[in-house]
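**Student:** The primary structure of each chain is shown beneath.
2 protein chains.
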Amino acid sequence: MEEVIENKFIAIKSHINGAPIEFDFEVKTETISLSAKSKEVIVKNLYVSIDPYQLHRMKSCSSSQTTIYLAAPVQPGQSIDTYGVGRVVASGRPDFAKDDLVVGLLAWGEYTVVEEGRLLNKLDPMGLPLPYHVGPLGFSGLTAYAGFFEICKPKKGENVFVSAASGSVGSLVGQYAKLFGCHVVGCAGSQKKVDLLKEKLGFDDAFNYKDETDLNSALKRYFPNGIDIYFDNVGGEMLEAAVANMNKFGRVALCGVISEYTGGGKRPALEMLDVVYKRITIQGFLAADHTKNYGDFISTITDHLRTGKMQALCDISHGLESIPSAFVGLFRGDNIGKKIVQIAHE
Amino acid sequence: MEEVIENKFIAIKSHINGAPIEFDFEVKTETISLSAKSKEVIVKNLYVSIDPYQLHRMKSCSSSQTTIYLAAPVQPGQSIDTYGVGRVVASGRPDFAKDDLVVGLLAWGEYTVVEEGRLLNKLDPMGLPLPYHVGPLGFSGLTAYAGFFEICKPKKGENVFVSAASGSVGSLVGQYAKLFGCHVVGCAGSQKKVDLLKEKLGFDDAFNYKDETDLNSALKRYFPNGIDIYFDNVGGEMLEAAVANMNKFGRVALCGVISEYTGGGKRPALEMLDVVYKRITIQGFLAADHTKNYGDFISTITDHLRTGKMQALCDISHGLESIPSAFVGLFRGDNIGKKIVQIAHE
Chain A
1 MEEVIENKFI
11 AIKSHINGAP
21 IEFDFEVKTE
31 TISLSAKSKE
41 VIVKNLYVSI
51 DPYQLHRMKS
61 CSSSQTTIYL
71 AAPVQPGQSI
81 DTYGVGRVVA
91 SGRPDFAKDD
101 LVVGLLAWGE
111 YTVVEEGRLL
121 NKLDPMGLPL
131 PYHVGPLGFS
141 GLTAYAGFFE
151 ICKPKKGENV
161 FVSAASGSVG
171 SLVGQYAKLF
181 GCHVVGCAGS
191 QKKVDLLKEK
201 LGFDDAFNYK
211 DETDLNSALK
221 RYFPNGIDIY
231 FDNVGGEMLE
241 AAVANMNKFG
251 RVALCGVISE
261 YTGGGKRPAL
271 EMLDVVYKRI
281 TIQGFLAADH
291 TKNYGDFIST
301 ITDHLRTGKM
311 QALCDISHGL
321 ESIPSAFVGL
331 FRGDNIGKKI
341 VQIAHE
Chain B
347 MEEVIENKFI
357 AIKSHINGAP
367 IEFDFEVKTE
377 TISLSAKSKE
387 VIVKNLYVSI
397 DPYQLHRMKS
407 CSSSQTTIYL
417 AAPVQPGQSI
427 DTYGVGRVVA
437 SGRPDFAKDD
447 LVVGLLAWGE
457 YTVVEEGRLL
467 NKLDPMGLPL
477 PYHVGPLGFS
487 GLTAYAGFFE
497 ICKPKKGENV
507 FVSAASGSVG
517 SLVGQYAKLF
527 GCHVVGCAGS
537 QKKVDLLKEK
547 LGFDDAFNYK
557 DETDLNSALK
567 RYFPNGIDIY
577 FDNVGGEMLE
587 AAVANMNKFG
597 RVALCGVISE
607 YTGGGKRPAL
617 EMLDVVYKRI
627 TIQGFLAADH
637 TKNYGDFIST
647 ITDHLRTGKM
657 QALCDISHGL
667 ESIPSAFVGL
677 FRGDNIGKKI
687 VQIAHE
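If you read the protein sequences in the order shown, they are chains A and B. Counting along the first sequence from 1, when you hit position 30 you're at 30 in this note's numbering, and nothing is skipped either side. Counting along the second sequence from 1, when you hit position 38 you're at 384 in this note's numbering, and nothing is skipped either side.
Quick caveat, the hints were computed from the structure, so don't treat them as lab data. Please note: incorrect hints may appear among the correct ones.
What the hints assert, rightly or not - The following residues of chain B were derived to be distant from chain A, with all beta-carbon distances above 10 angstroms: (1) 354; (2) 363; (3) 365; (4) 370; (5) 377; (6) 447; (7) 464; (8) 468; (9) 541; (10) 545; (11) 655; (12) 662; (13) 667; (14) 675.
To be verified - SDA-like mimics (lysine to any residue), calculated; alpha carbons at most 25 angstroms apart, straight line: (15) A:278 / B:450; (16) A:248 / B:635; (17) A:59 / B:595; (18) A:153 / B:634; (19) A:248 / B:420; (20) A:153 / B:501; (21) A:278 / B:418; (22) A:122 / A:38; (23) B:612 / A:213; (24) A:248 / B:421; (25) B:405 / A:269; (26) A:278 / B:613; (27) A:59 / B:563; (28) A:248 / B:464; (29) B:499 / A:290; (30) A:13 / A:328; (31) B:638 / A:249; (32) A:59 / B:566; (33) A:278 / B:635; (34) B:444 / B:380; (35) B:612 / A:216; (36) B:594 / A:271; (37) B:612 / A:271; (38) A:278 / B:496; (39) A:266 / B:560; (40) A:266 / B:594.
For every residue, glycine included, the Cβ atom is placed at its ideal position computed from N, Cα and C.
Using the sequences provided together with the hints, build the complete structure.
**Tutor:** So, in structure tokens, the structure goes:
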């Protein structure tokens with residue numbers, strides 16, 4: 001007899017075109033079969049990733065705009081896919097068995113019915129906590145690794161500036177930069193985060209951008225010898241100020257623009273003469289284009305985490321119902337490190 | 347007996363902080379000796395280059411701003427150096443003799459006293475007109491060559507957009523792109539220039555940006571399949587519109603920002619989310635960083651000019667006194683191709 005269960009999941013009520021609020025979301029329920037069809041894998045979700053870029057997928061964009069993006073638009077009432085770790089409940093594929101730990105594209109829900117073609121891999125935790133496989137060993141981790149080494153092309157001794165430095169990506173970039181032999185300054189939005197950057201993550205210096213009335217002067221103060229690399233997570237005025245303080249042949253890696261996701265941010269009005277005369281390169285990138293670096297990335301970060309050379313910051317909320325507030329909090333800077341929701345006990 | 351002569355040259359009366367007018371300049375006179383001291387070469391200037399970037403050197407910038415630039419600031423009352431072709435009048439160096447044709451850093455004047463260390467090379471015209479050695483075979487030429495091949499990294503069949511396409515650099519970039527097998531559309535500021543791009547230089551299409559009320563729509567119309575490469579000479583709103591119309595992994599090469607030189611232009615407010623999601627690279631560059639490509643560049647363009655595969659556009663005014671109006675005209679778009687002033691008969 002086919003066993004069916006109720007699966008609760010989070011959906012948007014309608015498209016979101018500004019800063020999100022909890023009311024934009026609802027818990028929905030569907031009935032799913034726990035007997036996997038051929039080529040299907042049914043996964044009980046354990047830890048799921050909460051990422052700012054997902055807001056972009058929730059906008060009412062025209063189809064012409066969305067085709068350039070990797071991730072499909074999120075539709076009201078529908079399940080929202082996300083990176084996560086889970087455990088196989090039933091498998092219609094020979095390569096997965098009941099109770100296997102898996103990592104891949106799951107859902108903001110209790111269960112995911114993973115159809116063929118959707119990203120799913122068996123997970124060997126390698127002695128590291130499961131949430132690490134959502135954060136520092138997941139897409140945020142690859143973003144930091146590929147962004148810093150492939151896009152920023154660092155040289156030892158260079159001056160590196162990281163914005164949103166206590167976030168999932170920035171916290172890793174700063175640590176990679178320090179280990180590589182760069183001078184690293186980060187900025188964040190609270191004294192607590194600033195202390196953490198300096199005391200726990202080993203940044204050479206850090207500041208609270210909310211305390212600064214003039215970002216240009218602030219960067220001049222923190223970088224008397226100029227900035228060689230800017231790892232930008234925020235865009236807007238911070239990007240303008242960083243370009244103004246860059247050295248010749250400086251590089252800007254852009255991996256997200258949190259100031260623009262909510263539509264409330266000011267676009268940066270860059271001094272393009274600076275870009276020309278200082279021969280600056282500004283490059284947008286996505287981790288998905290750097291899967292060729294995946295092997296190097298995993299072996300490097302696993303080693304650093306095990307030996308304690310790097311710290312993983314995971315900010316975990318509990319329960320499916322906490323997803324909307326966890327997500328909304330990203331845009332207020334509530335999280336420290338990678339935001340993850342634990343859906344079920346391991 | 348030492349022969350001395352009067353040397354007339356052009357100087358600025360004071361620093362220029364906006365669009366230049368002819369009144370900003372004056373003709374000055376100095377007495378120079380025609381007996382070259384040891385290691386000096388005295389050159390009679392024949393053709394000198396007139397370039398928009400020189401305005402930037404005429405601003406009253408702070409020293410901290412100017413140190414990042416390659417060219418020293420221009421001081422009121424002083425001689426203004428520029429790329430040019432001349433003939434040796436007297437030489438205190440064994441490697442130059444009277445009547446040698448030379449190319450290098452000369453002056454907006456009748457004569458240049460070239461001291462040791464200043465760029466000067468013997469010129470073999472290789473059967474090409476002397477003005478070609480100031481323009482397409484000079485720094486504008488290297489800017490176009492290195493910018494297109496090294497910065498834009500073209501692939502056959504890609505869609506290339508060139509702004510200021512009838513200018514010294516743009517006219518060459520468009521021709522390189524066509525010869526390379528790209529689809530090329532240029533924009534310029536008059537119907538006459540547009541006709542020239544299509545009829546003489548072989549651009550696939552061209553438009554007058556002054557006729558367009560919405561640059562974004564114009565680019566959508568001219569690039570229904572999107573832009574892969576944008577060679578930007580102007581910055582401002584054109585750069586915004588180009589980024590909005592770029593394809594994934596698009597590249598923007600920035601070699602000058604004529605809208606910003608005069609301080610009157612609007613800085614581009616770029617949609618950085620586009621830059622991230624489309625993984626766009628925006629790169630400033632200067633020809634001076636690409637001297638390693640000089641040999642390739644010279645052999646390529648010499649061949650193309652001789653065989654008629656490329657056209658050189660030289661826009662020549664005559665007489666030292668015409669320099670201020672030639673220079674001022676650059677910012678009104680008066681020139682077609684490389685602006686050069688002939689100072690003396692060959």
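**Student:** Now tell me, hint by hint, if it's right for this structure.
**Tutor:** Hint check:
With a minimum CB-CB distance of about 31 angstroms to chain A, residue 354 of chain B clears the 10 angstroms threshold, and the non-interface call stands. With 10 angstroms as the threshold on Cβ separation, the claim that residue 363 of chain B sits away from chain A holds: the shortest Cβ distance comes to roughly 14 angstroms. Every CB of chain A lies more than 10 angstroms from the CB of residue 365 of chain B, the least distance being 15 angstroms, so the non-interface label holds. Under the 10 angstroms C-beta cut-off, the non-interface status given to residue 370 of chain B relative to chain A holds; the minimum distance is some 20 angstroms.
Non-interface call for residue 377 of chain B relative to chain A: holds, since the shortest CB-CB distance, roughly 36 angstroms, exceeds 10 angstroms. Taking the minimum C-beta to C-beta distance to chain A, about 32 angstroms, the non-interface status of residue 447 of chain B holds against the 10 angstroms cut. For residue 464 of chain B, the condition that its CB be more than 10 angstroms from all CB atoms of chain A holds, with the nearest at approximately 21 angstroms. With a closest Cβ-Cβ approach of about 30 angstroms to chain A, residue 468 of chain B is found to remain outside the 10 angstroms limit, as its non-interface label requires.
Under the 10 angstroms C-beta cut-off, the non-interface status given to residue 541 of chain B relative to chain A holds; the minimum distance is some 29 angstroms. Every C-beta of chain A lies more than 10 angstroms from that of residue 545 of chain B, the closest at about 31 angstroms, which supports listing it as non-interface. Non-interface call for residue 655 of chain B relative to chain A: holds, since the shortest CB-CB distance, roughly 29 angstroms, exceeds 10 angstroms. Non-interface status of residue 662 of chain B relative to chain A is upheld: no Cβ of that chain comes within 10 angstroms, the nearest being about 27 angstroms off.
Distance to chain A confirms residue 667 of chain B as a non-interface residue, since its nearest Cβ pair spans about 30 angstroms, more than 10 angstroms. Once the 10 angstroms rule is applied to beta carbons, residue 675 of chain B is consistent with being away from chain A; the minimum gap is 21 angstroms. Taking the CA atoms of residue 278 of chain A and residue 450 of chain B, the gap is about 24 angstroms. The hint holds against a cut of 25 angstroms. Simply put, residue 248 of chain A and residue 635 of chain B have alpha-carbon atoms about 11 angstroms apart, close enough for the 25 angstroms limit, and the pair holds.
For the suggested pair residue 59 of chain A and residue 595 of chain B, the alpha carbons sit about 23 angstroms apart, so the restraint of at most 25 angstroms is met. Of the supplied pair hints, the one linking residue 153 of chain A and residue 634 of chain B holds, its CA atoms being roughly 22 angstroms apart against a limit of 25 angstroms. Between residue 248 of chain A and residue 420 of chain B the alpha-carbon distance is near 21 angstroms, which keeps this suggested pair within the 25 angstroms criterion. In summary, the hint linking residue 153 of chain A to residue 501 of chain B is supported, as the alpha carbons are separated by about 24 angstroms, within the 25 angstroms threshold.
Among the hinted pairs, residue 278 of chain A with residue 418 of chain B is consistent with the structure: their alpha-carbon atoms are about 15 angstroms apart, no more than 25 angstroms. Taken as a hint, the residue 122 of chain A and residue 38 of chain A pair is honoured in the structure, with Cα atoms around 18 angstroms apart against an allowance of 25 angstroms. This hinted pair checks out: residue 612 of chain B and residue 213 of chain A have alpha carbons roughly 24 angstroms apart, not beyond 25 angstroms. The straight-line distance between the Cα atoms of residue 248 of chain A and residue 421 of chain B is roughly 24 angstroms, inside the 25 angstroms bound, and the hint therefore holds.
Of the supplied pair hints, the one linking residue 405 of chain B and residue 269 of chain A holds, its CA atoms being roughly 21 angstroms apart against a limit of 25 angstroms. Distance hint between residue 278 of chain A and residue 613 of chain B is fulfilled; the C-alpha atoms sit about 17 angstroms from each other, no more than 25 angstroms. A C-alpha spacing of about 23 angstroms is found between residue 59 of chain A and residue 563 of chain B, which places the hinted pair at or below 25 angstroms, so the restraint holds. A threshold of 25 angstroms between alpha carbons decides the hint, and for residue 248 of chain A with residue 464 of chain B the separation of about 23 angstroms falls inside it, so the pair holds.
Distance restraint check for residue 499 of chain B and residue 290 of chain A: the Cα-Cα separation of roughly 19 angstroms lies within the 25 angstroms cut-off, and the hinted pair is therefore satisfied. A distance of roughly 15 angstroms separates the Cα atoms of residue 13 of chain A and residue 328 of chain A; the hinted pair therefore holds under the 25 angstroms criterion. With a C-alpha separation of about 17 angstroms, the suggested pair residue 638 of chain B and residue 249 of chain A falls inside the 25 angstroms cut-off, and the hint holds. At roughly 23 angstroms between alpha-carbon atoms, residue 59 of chain A and residue 566 of chain B fall within 25 angstroms of each other, so this suggested pair holds.
Between the alpha carbons of residue 278 of chain A and residue 635 of chain B the distance comes to roughly 11 angstroms, so the proposed pair stays at or under 25 angstroms and holds. For the suggested pair residue 444 of chain B and residue 380 of chain B, the alpha carbons sit about 11 angstroms apart, so the restraint of at most 25 angstroms is met. Note on residue 612 of chain B and residue 216 of chain A: the hinted pairing holds, with a Cα-Cα distance of about 20 angstroms set against a maximum of 25 angstroms. Taking the CA atoms of residue 594 of chain B and residue 271 of chain A, the gap is about 24 angstroms. The hint holds against a cut of 25 angstroms.
Pair hint residue 612 of chain B plus residue 271 of chain A holds up; C-alpha atoms about 10 angstroms apart against a cutoff of 25 angstroms. Proposed proximity of residue 278 of chain A and residue 496 of chain B is supported: the alpha carbons are some 17 angstroms apart, at most 25 angstroms. With a C-alpha separation of about 22 angstroms, the suggested pair residue 266 of chain A and residue 560 of chain B falls inside the 25 angstroms cut-off, and the hint holds. About 23 angstroms separates the Cα atoms of residue 266 of chain A and residue 594 of chain B, which keeps this hinted pair within 25 angstroms; it holds.
Violated hints for the displayed structure: none, as all numbered hints are satisfied.
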